Amino acid sequence: MSENRVPEEIQENAAHEAAKLGIGTDEWVAQHEERTARKKGLKGVPQFIDESIPAWARWVVLLAAAFAFGAFVDNQYLLRIGVNLGLFVMLSYGLNIVMGYAGLLDLGYVAFYGIGAYGYALMSSEQLGHHWSTWLSVLIIIIGTALLGYIVSLPARRLFGDYLAIVTLFFGQVFVQLVLASDNITFPWADDYVDITAGANGIPGIDPFSFFGHKFLNIRDYYWLLLVLVALLTITISRINRTRIGRAWRTIREDALAAESMGVMVNRLKTMAFVTGAAIAGLAGAIFAAMQSAVFVSGFDMPLMTMIYAAVILGGSGSLAGAVMGAIVMSVLPEVLRVTNYSEILFLAVLVLTLAAVGKSVKRFTINIVSIALIGFAVKILLGFASIKITPTEEWVVGPVSRALSHWMYVPLDRVLWGNCAFVILIVLIAYFTTTTPRIKTILLPIIGYLGIFLWEVRLVTDVNTTRQLLIGAMLVVLMITRPQGFLGKPRVEVL
Amino acid sequence: MSEKKPLLEISNIDTYYGVIHILQQVNLRVDEGELVCLLGGNACGKSTTLKTILGMVKPKVGKIMFAGEDVTHQNTPARVKLGMAVVPENRRLFGPMTVLENLKIGAYVRGEAAQEDLERVYDLFPKLKERSSQLAGTLSGGEQQMVAVGRALMSHPRLILMDEPSMGLAPKLVEQSFEMIANLHSQGVSMLIVEQNANMALSVADRGYVLQTGRIVLEGEAKELAGHEELRRAYLGR
Ligand SMILES: Nc1ncnc2c1ncn2[C@@H]1O[C@H](COP(=O)(O)OP(=O)(O)O)[C@@H](O)[C@H]1O
Ligand SMILES: [Mg+2]
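Chains as they are written, first to last, in this note's numbering: chain A, 1 to 496; chain B, 497 to 734.
No lab work stands behind these hints: they were computed from the structure. If you're wondering where the values come from, they're calculated on a predicted model, not measured in any experiment. All C-beta atoms, glycine included, are put in the ideal place defined by N, C-alpha and C. Careful, some of the hints might be misleading.
Label pairs and their in silico Cβ distance ranges [as the list claims (entries may be wrong)]: (1) L232(A) / E608(B): 20 to 26 Å; (2) R58(A) / Q520(B): 58 to 64 Å; (3) S682(B) / A57(A): 48 to 54 Å; (4) L136(A) / E505(B): 53 to 59 Å; (5) Q672(B) / R268(A): 37 to 43 Å; (6) E608(B) / T306(A): 35 to 41 Å; (7) R58(A) / A539(B): 50 to 56 Å; (8) F160(A) / E608(B): 24 to 30 Å; (9) H131(A) / E608(B): 44 to 50 Å; (10) S682(B) / R58(A): 48 to 54 Å; (11) A610(B) / A57(A): 27 to 33 Å; (12) Y618(B) / V428(A): 53 to 59 Å; (13) E671(B) / I49(A): 42 to 48 Å.
Excised from the complex, chain A in its bound form (with noise of 0.2 Å):
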């Protein structure tokens, strides 16, 4: 019997080993788990996120901080922010179906958003003395721009990269003059001059959206309004993304000409992308245009279409969920920035994390944090003894952050001046920073971190708009240098 259990025992041993290790199977995929390494540390969130959470769950829980915030926020102010997010979310969602999903550089796309809500606003209001239904104008709207969206896309057909770039611009610059131009139009029929679009001056007076007799006199409803819509977009844009027409438009942003040898019909469906990107432009310049009660050309020129494609970027090209994450960065932040207390926590919190992501280590990170104390004191007592003039304590003091800083940071009389000087040091350091080794780059971070609060004291505080876009930029350099296939982008892989 002993005898017998021996071979046994050891056939099983055999064949449980064989099993660990996955023999008979494919041996990279039964290691497939022990072989994906984690990203340690702050680097590795993203990933975390991105793998540990499902996509239905970050969605739920989305959708019941949208839905909390509705429910219990009363302040207008940031209802109107809530407000500026779906519309933000809105036009992420559709570059991301032309530029994400169909790779198609298109920088008229802002010009969609325009038209909708120029549309809207010569429907609904006294300029030219239209009321016509809620209804029939968003209707108007949506056929209206898709019909311009596949018009533009015609020339989309036979473009791509830079010369798509460069023909969208030029349409959207094309949006912006005619609108400029069109308060003084004189037809060949009449005498007088017509004032279509009152030129820069904008139109004001615009009705608010109306459905069943319910007017939207409350800026609640018309977050309520986009919340319905956002969620019913994203249901039906990821729908659309798994099945073949999405995933033609992604083969068409990977290699158009093997797409094409595949039977995918490249021209029809860059129109489609076109199309369905304007359509939902249109529709949220619309619901922009009803909210606001007037509309400005300003407001749909460049600076709106580089934040949009920057929302896109930013949470990963190809991506929903980066692209509403995208959109709370880029239109939350820019407010939040406003405030000069809540940007200087914020700039902050960003070097502290900027530190705890490259010290690695919490011993790394307290040296860093000391070393920058101690650069400040010394600065402070060395500068002292020379007896240089200082900026009084109570001029340059802004926020609580500040104040207490006040007793560290050595603040030169003339500010301009050496924050001037002290943004160029910065900045070549920095670009040495990235390419020096791992020695120089451990001394050289206290001197940096210890020049980037200076310069925030010195000069950036007291400059909100600059700082504003500054910290923006510089979150965006960050990220793409960490992560260049955006939040939740997928990583690029090239094929041979």
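Since the structure of chain A is provided, determine the placement of chain B with the ligands on it from the hints.
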């Protein structure tokens, strides 16, 4: 063998890239169920011939008949719909898309991909089933080849056009891929294979053509060609 029915017939094709005259008076035929190879050295116009057949470039003169229809003036998707499928040079997979999505794109002209078509490909290449959710661009060369062939099969093609299936593969994989080609052929799939590796191609083909600077200089049964003195010297390297 049953009586010969021409599936693809191109006659007197002249193809230009701009002003550069590439194909000159090319005639070529593939019969139903036949495996034909098109041999030739570097840059002699092999890929151009395939592109002309597929409609990616338009010939200046000549006529292309496929499945009983004159397709000379049809665009590529229409020809794919009629039953052409291609395994392009260097595979040209859609790298950031999964293996499954790459396969499904192959069925684009048929609508949504059918599960049984996928199963058929997985039967042929079991490895692809395990890899179905992996990004195609991260596969090894041999695996990418499988996806490219599987993708072509997904459209139920009447004719598969393969551009240098052995390119960039290790010798052992080249052998495997020709085994796979012979296997497909034995199942009745018609194929036109473009190759520089004349030895391998002739070992599986029924007939062959030899292209030299845009002209067909030789054609015949594969066995004949394999024994042809001149061809041996020029291409078979011995
Ligand atoms: N798109 C193109 N434009 C101009 N010349 C091309 C183009 N594609 C290929 N050629 C030229 O045509 C010739 C034949 O190319 P090709 O058919 O790709 O050769 P191969 O037999 O190696 O597949 C080559 O000289 C190549 O440089
Ligand atoms: Mg070639």
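What are the numbers of the hints that this structure violates, sorted from low to high?
none
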